[in-house]
Amino acid sequence: MLSRTADNLYWIARYMERADTIARLLEVGSRISLLPSAHGYRSEWDSLLQASGLADAFAKKYGDPVQRNIESFLFFDHDNPSSVASCFKAARENGRIVRTALTSQVWDALNTAFQELKALERAERSTLELGRLTDWVMRHAAMVRGAIDATLLRNDGFNFLNVGYYLERGDNTARLMDVKYYVLLPRVDFVGSGLDNYQWTTLLRAMGAQRAFHSAYGGAVTAAKIADFLILNTQSPRSLATCSAGLVNHLTRVAKAYGRETVAQEQARALLAEVEGTTVDAIFEEGLHEYLTRYIRDAADLALAINDAYLSGEMR
Amino acid sequence: MRLTVDHVTRYVYDRPVRSLVQSHRLQPSVFAGQKVVDWSVTVSGGQKGAAHKDGAGDLVQGWTVAGPVSEIVVAVRGTVETVDLTGVLRGFKEIVAPDCYLRGTTPTRADANLAALAATADGATPLDLAHSLSAVVADAITYKPGVTHAHTTAAEALALGVGVCQDHAHAMIAVARVRGIAGRYVSGYLFSDSDGQAHEAAHAWAELHLPGLGWVGFDPANRTCPDDRYIRLGSGFDAQDAAPIRGIARGGGKEEMDVTVAILQAAQ
Amino acid sequence: MTQFNEMYLGQGQSQSVRSPYARLQDWVAAMPQELRSLKQAEAEALFRRIGITFAVYGEGGDPDRLIPFDMFPRVFAAAEWAKLEKGIKQRARALNAFLVDVYGRGEIIRAGRIPARLVYQNEAYEKAVAGFVPPKGVYSHIVGVDIVRTGPDEFFVLEDNCRTPSGVSYMLESREIMMRMFPDLFRNNRIEPVDGYSEKLRRTLASVAPKKCKGEPTVVILTPGHFNSAYYEHSLLADLMGVELVEGQDLFVDGEYCWMRTTEGPRRVDVIYRRIDDAYLDPLCFRPDSMLGIPGLMDVYRSGGVSICSAPGAGVADDKAVYTYVPEMVRFYLGEEPILKNVPTWQCGKSDDLKYVLDQLPELVVKEVHGSGGYGMLVGPKCSREEVERFRAKIVENPGNYIAQPTLALSSVPTFVEEGVAPRHVDLRPYCLVGERIELVPGGLTRVALKEGSLVVNSSQGGGVKDTWVLAE
Numbered sequence: 001m002l003s004r005t006a007d008n009l010y011w012i013a014r015y016m017e018r019a020d021t022i023a024r025l026l027e028v029g030s031r032i033s034l035l036p037s038a039h040g041y042r043s044e045w046d047s048l049l050q051a052s053g054l055a056d057a058f059a060k061k062y063g064d065p066v067q068r069n070i071e072s073f074l075f076f077d078h079d080n081p082s083s084v085a086s087c088f089k090a091a092r093e094n095g096r097i098v099r100t101a102l103t104s105q106v107w108d109a110l111n112t113a114f115q116e117l118k119a120l121e122r123a124e125r126s127t128l129e130l131g132r133l134t135d136w137v138m139r140h141a142a143m144v145r146g147a148i149d150a151t152l153l154r155n156d157g158f159n160f161l162n163v164g165y166y167l168e169r170g171d172n173t174a175r176l177m178d179v180k181y182y183v184l185l186p187r188v189d190f191v192g193s194g195l196d197n198y199q200w201t202t203l204l205r206a207m208g209a210q211r212a213f214h215s216a217y218g219g220a221v222t223a224a225k226i227a228d229f230l231i232l233n234t235q236s237p238r239s240l241a242t243c244s245a246g247l248v249n250h251l252t253r254v255a256k257a258y259g260r261e262t263v264a265q266e267q268a269r270a271l272l273a274e275v276e277g278t279t280v281d282a283i284f285e286e287g288l289h290e291y292l293t294r295y296i297r298d299a300a301d302l303a304l305a306i307n308d309a310y311l312s313g314e315m316r
Numbered sequence: 001m002r003l004t005v006d007h008v009t010r011y012v013y014d015r016p017v018r019s020l021v022q023s024h025r026l027q028p029s030v031f032a033g034q035k036v037v038d039w040s041v042t043v044s045g046g047q048k049g050a051a052h053k054d055g056a057g058d059l060v061q062g063w064t065v066a067g068p069v070s071e072i073v074v075a076v077r078g079t080v081e082t083v084d085l086t087g088v089l090r091g092f093k094e095i096v097a098p099d100c101y102l103r104g105t106t107p108t109r110a111d112a113n114l115a116a117l118a119a120t121a122d123g124a125t126p127l128d129l130a131h132s133l134s135a136v137v138a139d140a141i142t143y144k145p146g147v148t149h150a151h152t153t154a155a156e157a158l159a160l161g162v163g164v165c166q167d168h169a170h171a172m173i174a175v176a177r178v179r180g181i182a183g184r185y186v187s188g189y190l191f192s193d194s195d196g197q198a199h200e201a202a203h204a205w206a207e208l209h210l211p212g213l214g215w216v217g218f219d220p221a222n223r224t225c226p227d228d229r230y231i232r233l234g235s236g237f238d239a240q241d242a243a244p245i246r247g248i249a250r251g252g253g254k255e256e257m258d259v260t261v262a263i264l265q266a267a268q
Numbered sequence: 001m002t003q004f005n006e007m008y009l010g011q012g013q014s015q016s017v018r019s020p021y022a023r024l025q026d027w028v029a030a031m032p033q034e035l036r037s038l039k040q041a042e043a044e045a046l047f048r049r050i051g052i053t054f055a056v057y058g059e060g061g062d063p064d065r066l067i068p069f070d071m072f073p074r075v076f077a078a079a080e081w082a083k084l085e086k087g088i089k090q091r092a093r094a095l096n097a098f099l100v101d102v103y104g105r106g107e108i109i110r111a112g113r114i115p116a117r118l119v120y121q122n123e124a125y126e127k128a129v130a131g132f133v134p135p136k137g138v139y140s141h142i143v144g145v146d147i148v149r150t151g152p153d154e155f156f157v158l159e160d161n162c163r164t165p166s167g168v169s170y171m172l173e174s175r176e177i178m179m180r181m182f183p184d185l186f187r188n189n190r191i192e193p194v195d196g197y198s199e200k201l202r203r204t205l206a207s208v209a210p211k212k213c214k215g216e217p218t219v220v221i222l223t224p225g226h227f228n229s230a231y232y233e234h235s236l237l238a239d240l241m242g243v244e245l246v247e248g249q250d251l252f253v254d255g256e257y258c259w260m261r262t263t264e265g266p267r268r269v270d271v272i273y274r275r276i277d278d279a280y281l282d283p284l285c286f287r288p289d290s291m292l293g294i295p296g297l298m299d300v301y302r303s304g305g306v307s308i309c310s311a312p313g314a315g316v317a318d319d320k321a322v323y324t325y326v327p328e329m330v331r332f333y334l335g336e337e338p339i340l341k342n343v344p345t346w347q348c349g350k351s352d353d354l355k356y357v358l359d360q361l362p363e364l365v366v367k368e369v370h371g372s373g374g375y376g377m378l379v380g381p382k383c384s385r386e387e388v389e390r391f392r393a394k395i396v397e398n399p400g401n402y403i404a405q406p407t408l409a410l411s412s413v414p415t416f417v418e419e420g421v422a423p424r425h426v427d428l429r430p431y432c433l434v435g436e437r438i439e440l441v442p443g444g445l446t447r448v449a450l451k452e453g454s455l456v457v458n459s460s461q462g463g464g465v466k467d468t469w470v471l472a473e
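Chains as they are written, first to last, in this note's numbering: chain L, 1 to 316; chain R, 1 to 268; chain D, 1 to 473.
I should point out that these hints are in silico values taken from the structure, not numbers from a laboratory.
Among the clues, some could well be false.
Straight-line Cα separation of at most 25 Å, DSS-like style, residue types lysine-lysine; simulated pairs [stated by the list, open to error]: (1) D:382 with D:394; (2) D:355 with R:53; (3) D:355 with D:394; (4) R:48 with D:212; (5) D:394 with R:53; (6) R:53 with D:214; (7) R:53 with D:211; (8) R:48 with D:211; (9) R:48 with D:214.
Turn these sequences into a full structure, and let the hints steer you where they fit.
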């Protein structure tokens, strides 16, 4: 297929997944902010911005991290390329360009999300409750994903879509965990406290994984169990293990269809091997933050390799 | 006259380019005034692409260079046997209708001043008129390098009163059109003999289409018609259209270009 | 001005229905207002869902604006169409012969049948392709001929479109939607299908692949991108033909061929159906500042490495000033009498013509020579005196830029309007395919001026579209 088409499909997936994460991030933030503050209400929102890598852009435009401004910035702001509005718009725009590579169900899902977004943008802000907004995002993200899974031909386009999803999701899981461990709770004396527990639970809830977590682990919520669940557990849909395996799976299918391996497959397998070959203890020994940073960097390298091999059209 | 050409263009990029495409008009025209003894064009790291003879009789050769590459050298070397035909392009095969060149392009469009300049020329025959046009252009635009640039129009050069061969050729085409004569831009080489009369080795002049004679070259910059010191490469509406080398690089940063041209008289 | 109603003859008591429309009489009579509104809403929803929208140049506004669709079909009897078909094919042949000629020896000019100036000094004449004969001698592979009707047997060609006529997606989608909404209509009328268009187009394009291409040629559609107002059409055609829809950045030149960038590496391209203007094809040959084009493409094209449809330079044949001479082309190249008439045209560049035009301005239609889309035109009888005078000043300033034609009494077809059904003026654009063979799908794009009395059918000026039927024998 045309490299640009593959690129458009890949970015549809990345934008949709990113919008989903931003919504979850907003939910984490609003829940944490309901809690008596550990170090001031503002700093928690600030942590969120730090985690999403958007702190500087936000500070430049709005200054103080006030909740309403953060909501505007993360949800509606078209100057912020990672806002839900920007992501939905970009996903739909990418979809429009490759309209013929999609089924009408997928296009409908993308288009409906965009049209409803336009309606939301026209609505009076005071009528829009944050919870309703985040639910709305997650519902539409799921509808697009569902339409893709249910109706698309299992060809290379499908594989590039999935590569986009798994890359973005792995990256996002790593970043969300990083908020909790590195930014929200930097002080050792909070570990194991009620506050610590509440924050972990909130994080799980934001990932829609609270129930799954409890059925898998039971008992108290601990950092070790969370790390296992979100990094190593192959049943967890957002774990780094699941995302890495998904990448290997779809890239292998691409290589098979084209009769040619590239460095991308090699790097994906290395990423998976890294996750499969480690333990929770080893991760904590290295430091959770250090481990997650390394994953984020390796995944970014893989994204570059995928771009060079397939999406840029430069491969001869 | 037997002339040897050594023409090297070196492109240097501050960041490597991903790929480069060029289109060359670097083959001496085939007509009674010149005969190629030997000729070669090379592009470092380049792959020779498609070639065709265009409607104006020029051989156009495409080249591609697959990057990454930071430097590209285009070298033109060869020997040409020339004869003085006092500017007449005799025995040249082309299909483009001369009327085509009556259409102005941005650099050759006549403003009021060019029209006024054209009106000062006169001659009993079209040929006389053409010579007169060449003379008035030479008088109105003094040869002086470094003032005008690649995108200067004929009107601008006339207003400045100075220019180089490109400006003379553009002005010549403009005034000829005012007088109803089709004119076109010619690029080529000029052998500078020791008396220092000629100015530029990589040269340009104009051709005017005259009844009974066909295309005839005029070089206002040197107040002459092309003779056996001239090597003709290709033609077009204007400098850009007739450029011997046109190219576009993909990716890469700033481009620095360095050109050296040496035209020598070969030992017989 | 009496105007021809394509459905009804006569008035009042003596009114009768012309035979092609016979069955539509009952159909429309049996449709209550509520059902009509329902169907209209359904049609609109279908159009919006498939994404067929129209962005108006230079007007800003909603890029997702729908072109109005009128459900009342426009119908041709088999015999009527047969004549049109012959006339259109004849014209397409002559236009192509003209193009090959003027980029070659220019016999028609040497013979004094058309002024050299009109051709060689024309902005659309491409010196870069002089001396080149494209495969099968075809320059214009899709000829869109705009036709108006003034009587039962009176057809006039308004203009030819030899470059990249658009609108065929409306022909295809209008039919799809009509068949979905009114299957009974299609059961009760024997209507020639139009859905063969995409396959015929693909075959036409493949038939002009370069000689160097062995085996099944790779065809692509080159679009300026998704911001273009016709992007939907580009993607629909690519989809229906099963070919890639590419942008300039997807193609590159290497060696003697043109390639596209795919996830499996470079793939050679043999035929480019381009929907971009000549000026943007190749920055090395045309506009050096163009970011849309493919550097080096023209060198590959001229040396027979790739085919470009329509061929660069084809535009000189559909220039409004050259248009006047098309009947002359038919006689000169084909030795036949033109089947379809031209609208009498005055060239404001000629002093006699200019005098007449300025005298009769309130009665005439005046168009810019290089204009399109109904912009910059004057419909004398529909304009106020001030508008006419303003236009007069523009003509006087640059006469060569204008042509004038009499205001024709365009035929009308019943159209659904607020108050029920009323006649509205229409034109017709069929799409003639020229490759190894010349083919015409029975149908076309019928544009309708939705404003009462309006003669401007352009979608950018409030025009709509109708399904166009050709009845089987």
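Here is what the structure says about each hint:
no.: 1; hint: D:382 with D:394; verdict: 18 Å, holds
no.: 2; hint: D:355 with R:53; verdict: 46 Å, violated
no.: 3; hint: D:355 with D:394; verdict: 14 Å, holds
no.: 4; hint: R:48 with D:212; verdict: 17 Å, holds
no.: 5; hint: D:394 with R:53; verdict: 43 Å, violated
no.: 6; hint: R:53 with D:214; verdict: 24 Å, holds
no.: 7; hint: R:53 with D:211; verdict: 18 Å, holds
no.: 8; hint: R:48 with D:211; verdict: 20 Å, holds
no.: 9; hint: R:48 with D:214; verdict: 22 Å, holds
Hints 2, 5, counting from the list given before, are not met by this structure.
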